[in-house]
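Spelled out, the chains give:
There are 2 protein chains.
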Amino acid sequence: MFYLNIKLDPWGHMDISDYSKLYELFGIEPIDTVIDDLRVKHRFFERRVVFGHRDMGKWIKNFYSGEKSIVLTGFMPSGHVHLGHLMVIEELKYFQKIGAKVRVVIADAEAYAVRRLDRDLTIKYGVEYIAHALAWGLDSLETDFYFQTNYSEDYYRLIHFFSRKVSFNEMEAIYGELTPAKIVSALTQVADILHSQLKEFGEYRNIIVPVGADQDPHIRLTRDLADRFSNELGFVRPSSMYHKFITGLDGNKMSSSRPDYAIFLLDDNDIVAKKIAMALTGGRATADEQRKLGGEPHKCSIYQLYLYFLAETDGELRDTYNDCISGKVLCGQCKKRALEKLLILLNEQRSRFRDVVESGVIDKVVEKPKF
Amino acid sequence: MFYLNIKLDPWGHMDISDYSKLYELFGIEPIDTVIDDLRVKHRFFERRVVFGHRDMGKWIKNFYSGEKSIVLTGFMPSGHVHLGHLMVIEELKYFQKIGAKVRVVIADAEAYAVRRLDRDLTIKYGVEYIAHALAWGLDSLETDFYFQTNYSEDYYRLIHFFSRKVSFNEMEAIYGELTPAKIVSALTQVADILHSQLKEFGEYRNIIVPVGADQDPHIRLTRDLADRFSNELGFVRPSSMYHKFITGLDGNKMSSSRPDYAIFLLDDNDIVAKKIAMALTGGRATADEQRKLGGEPHKCSIYQLYLYFLAETDGELRDTYNDCISGKVLCGQCKKRALEKLLILLNEQRSRFRDVVESGVIDKVVEKPKF
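Residue numbers (the working numbering), protein chains in the order written: chain Z, 1 to 371; chain G, 1 to 371.
Everything labelled a hint here was simulated from the structure, so no lab data went into it.
There could be a bad hint or two in this list.
Since copy identity is lost for identical chains, a pair holds within one copy or between any two.
[Claimed, not checked] Keeping only pairs whose Cα atoms sit at most 20 Å apart, straight-line, the calculated PhoX-like set for lysine-lysine is:
hint, residue 1, residue 2
1, Lys-370, Lys-199
2, Lys-199, Lys-368
3, Lys-328, Lys-292
4, Lys-58, Lys-101
5, Lys-61, Lys-97
6, Lys-41, Lys-97
7, Lys-41, Lys-101
8, Lys-21, Lys-124
9, Lys-68, Lys-199
10, Lys-364, Lys-274
The shape of chain Z in the complex, shown without the other chains (with noise of 0.2 Å):
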């Protein structure tokens, strides 16, 4: 999930079925014509929770050439980290794992300007972003993680330099009527995707940035202001992909707004067997329907849990659809192994959580703004 805030959802809540129409409307290519290309697989790109992107087949061709190359995402600290976010970090982690350089932005201020968040409780919560990605397994040492209101000036110079060619209707386009506040963090945006190609920070030209889908248009903004500035700095478009939303327990998109249907990965374990026992499910009216049609697993959100975190391998994944389609699990007992697998995953991750935190690690890779 990337971090701006605009409301830019112009496809609602979509199934697999629509994201298709991203390829014909916008030009964003399916995963399908890059998996091949890495030498290492995830099962985000093979389940196709990872569904498109641009440019990513030039990244990878680069990577595997010895270039410099990072992956760069941001999160806006506007609550508690839930599995939406944990499914970005596990994408950092990926890449991590392959040998790209891994830069994490914590989004405080667009929080604090466009959002109008309370800016201690942001801060906050940024700092939360960074402990669970480290307990995730993120390299302490080897991820970059900053504020975007504590960096240094040759970060915010960029923000005044794409000032100069950006039109305001180009804005208005992409982010509807415009604020003060939403221009100065659409800016910051940009920066945040850009500025690692400048010497300063390390000149990483070869950029992936993945994102949700509803998000591409600023990464069409962002890629029109590389080509912009490809003489003045030098600077190259960035690549992105795009990763569907996990799925939240009442079937609309993971959103610390709707708390009750989200697994916040500091939940007590108890607060988690409520939340999946209320979850929506792909069941019928009836357990003697239910086996006799089977389920529907395309509109359960525990099915989600299995796709994106608790089916390790793709066997695991397949033989859970077809348990459920052919009526042999019903959702009581599919339930009930989802969340034993959840509460693993998630008192594994409370753990090493609690363990990053003791350690003052934090206070080691990030500093935090001073107000």
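Chain Z is fixed; fit chain G onto it per the hints.
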């Protein structure tokens, strides 16, 4: 001269009577209300070159009570330094002499983004401004200089902060048609004026900003934003004072954009002589007529030079005035004396300027942007 580029001169070229309209229309106070509070006078106040203010009485009172006090101004590095800029430098020198802190911003971000000037040239001009300020007598150890694109995160954070509490309509009312560049630059300007109140920048809450009258809308925006951050950051409203622009040799505002009618501090002597020879005066059609009717100093660009720089005592200025209106001294003779005095001033300044440049002190007082 403050640095904002935005066209906002509702008053056009004003003579002294027009300035009084500002008092009624915008609530600017006449400078007369505070001159007596200043223990050390300056000819700019007494000659009404500085003609108005907002809350300057408060600033003076706080200053003499021993409160930390600062004067902040900015230069748009869009060309070589001329006498109009020297007037502002002289104001700063006065404030430094009486004991206030002086801080000067080079508006290179705005020069780049709004004025769309060449970046390298802008930085070069910025350095020229600083060198002239030091050559004119600002203390290199006591004056802070910075480039907008090369400051610290605690300053840039303010731009994000301010963006939250300002509306599009408010800015449009001040700046006319908005562009992303204008919005970012305007908020940067507010940060320039207010950042000195932060602990990180010396905690100077008693701020005065000398500007041209056309910049007053920006001062009002800044004062409003100071109010809106009074709780969060403890900001208080800055004071301001307003000067008239020195007239160019064609009778319009002196400006780098009409170089033939401006006296640049680095102009060669023969160039200066030619410009003075061509300068608009308040002379009559014939010498005879002038001897009979007298000249019109309020229409004369040479008289302006006396008013601002060449007449050091009020007695000398009065004599020059009387010699003109009585027809006793004609334009040729008056120009000759002006040229002599001007060349002395310029030659001395150029000599000190060269010393400053050769001393390498610039690199000690300001860090130039990396790109």
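Copy assignment of Lys-68 with Lys-199, given that the CA separation must stay at most 20 Å:
Only inside one copy: Lys-68 and Lys-199 sit 12 Å apart there, 40 Å across copies, limit 20 Å.
At most 20 Å between CA atoms: does that hold for Lys-58 and Lys-101 within a copy, between copies, both, or neither?
within (17 Å within a copy, 54 Å between copies)
How do Lys-21 and Lys-124 come out at 20 Å by Cα distance, when the copy is not named: within, between, both, or neither?
neither (39 Å within a copy, 52 Å between copies)
Which holds for Lys-364 with Lys-274 at a C-alpha limit of 20 Å: within a copy, between copies, both or neither?
Classified as neither: same-chain Cα gap 37 Å, cross-chain 65 Å, threshold 20 Å.
Between the shortest in-copy and the shortest cross-copy C-alpha distance, which are at most 20 Å for Lys-61 and Lys-97: within, between, both, or neither?
within (17 Å within a copy, 64 Å between copies)
Could you figure out if Lys-199 and Lys-368 sit no more than 20 Å apart (CA to CA) within one copy, between two copies, both or neither?
So Lys-199 and Lys-368 pass the 20 Å test across copies only (17 Å; inside, 24 Å).
For the identical chains here, do Lys-41 and Lys-101 meet the 20 Å Cα criterion within one copy, between copies, both, or neither?
within (18 Å within a copy, 61 Å between copies)
Given identical chains, is Lys-41 near Lys-97, meaning Cα to Cα at most 20 Å, within a copy, between copies, both, or neither?
within (11 Å within a copy, 70 Å between copies)
What label fits Lys-370 with Lys-199 when the C-alpha limit is 20 Å: within, between, both, or neither?
between (26 Å within a copy, 10 Å between copies)
How would you classify Lys-328 and Lys-292 at a CA-CA limit of 20 Å: within, between, both, or neither?
within (9 Å within a copy, 117 Å between copies)
Taken one by one, the earlier hints fail for this structure at numbers 8, 10, listed in ascending order.
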